[in-house]
Amino acid sequence: MTDPAITRLLADQLGVDDVSALLDHATVLEVAGGNVLCRDCEPLDSLYMLLEGRLDMAVEVAGHGIHLGEITPGNWIGEVTLFSTEDGAVSTVVTRGPARLLRLPYGEFMSLARAAPELACRLAHTLNAMLIQRLRATVNDPILDADGQLLMLGKLSLPLPAHHEHHGVRDFMRKLMGVG
Amino acid sequence: MLLSQYLRTLPGFQFLEAEDVEHVATAMRVESFPDRHLFLAQDKPARELHLLLEGRVNVCHYGPSGRYHTVKTLVPGEFFGLLSLADGKPSVASYTAAGEVKVASLPQSAFLLLYQPGSRIGCGFQYVVAAQLARDLAHRHSMLRNLLAQIYTGSRQVQPPCQP
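From first to last, the protein sequence lines are chains A and B.
So in this note's numbering, spot 174 of the first sequence is number 174, and the numbers just go up one at a time.
So in this note's numbering, spot 5 of the second sequence is number 5, and the numbers just go up one at a time.
Do not rely on the hints blindly, as some may be mistaken.
Claimed, not checked - Distance condition first, Cα-Cα at most 27 Å in a straight line; then the derived BS3-like pairs of lysine-lysine:
#, chain 1, residue 1, chain 2, residue 2
1, B, Lys44, B, Lys89
2, A, Lys155, B, Lys44
3, B, Lys44, B, Lys102
4, B, Lys89, A, Lys155
5, B, Lys89, B, Lys102
In case anyone wonders, no lab produced these hints; they're calculated from the structure.
The shape of chain A in the complex, shown without the other chains:
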């Protein structure tokens, strides 16, 4: 896969120049609006990075749900199932309109971790930043909106420039000294 826009997006996100090893393990999907990418508690076998469009994320029980928020381009889904002992997805994710996604099956991620460990762990670092954002966004109780829909008020997605905020000595020194 040689789409320059995807290559640039991943390179910026992971803080490296060469992301070809990752792209070798991934495929691009075009998905229509209203498509369920994963269903809460049902099997999930891949990570997905949203390239274009919007996704809605919710937890569900017996047809009832809590809307957790919106996933914007550059953000990944499927990381909880990859890194935890959960058998299935921990939320339902639906495309709000037409969307373009990068799919990286879990088995391919593990192959990448063996073949290009630094790239895989940089991706893990990026996924950690997203996990942190989602934990902060869901810590409070949901509220009931005017339509009777339960929803969380926190912001679920990281803006694009924040993805590689954690890299580098300067950031490390800032954190250590408690500034910025």
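Guided by the hints, dock chain B onto chain A, whose structure is given.
Just chain B now, with coordinates in the frame of chain A:
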């Protein structure tokens, strides 16, 4: 059991070389704490990464509505203080010993070095962090499902109330 041996049994540590696990264990300090010891207060920044070795730790949160509730009760093998250390923001919850506990603690400076993905040890450590964060988020979603079930089916939640 040696701390390094124990660490090797935890999720994510399989991605670290044996000598790197030793380095992590060497950087940690093991101590016992009494019942109700406050490790980290909500809205304060974490200064250490803690690993619960024995006992239980209650994770409690004051919400905007004024409700104080137990988000989670940690069991041995779980890290805490991670969120605040990793993003440099105040903690979203308080962490208090529920009975006597034994905890291994890693200083903030060591954590920040390990959390850089550019070194071999930092590379492997990303998976340790990921395993705990994923466990925490899966648990949070599970609690939200419990809340939904409580609202729509009347079933009760299982978490005990917090004691301020």
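Any hints from earlier that this structure breaks? Give me their numbers in increasing order, please. When the structure is compared with the hints, none of them turns out to be violated.
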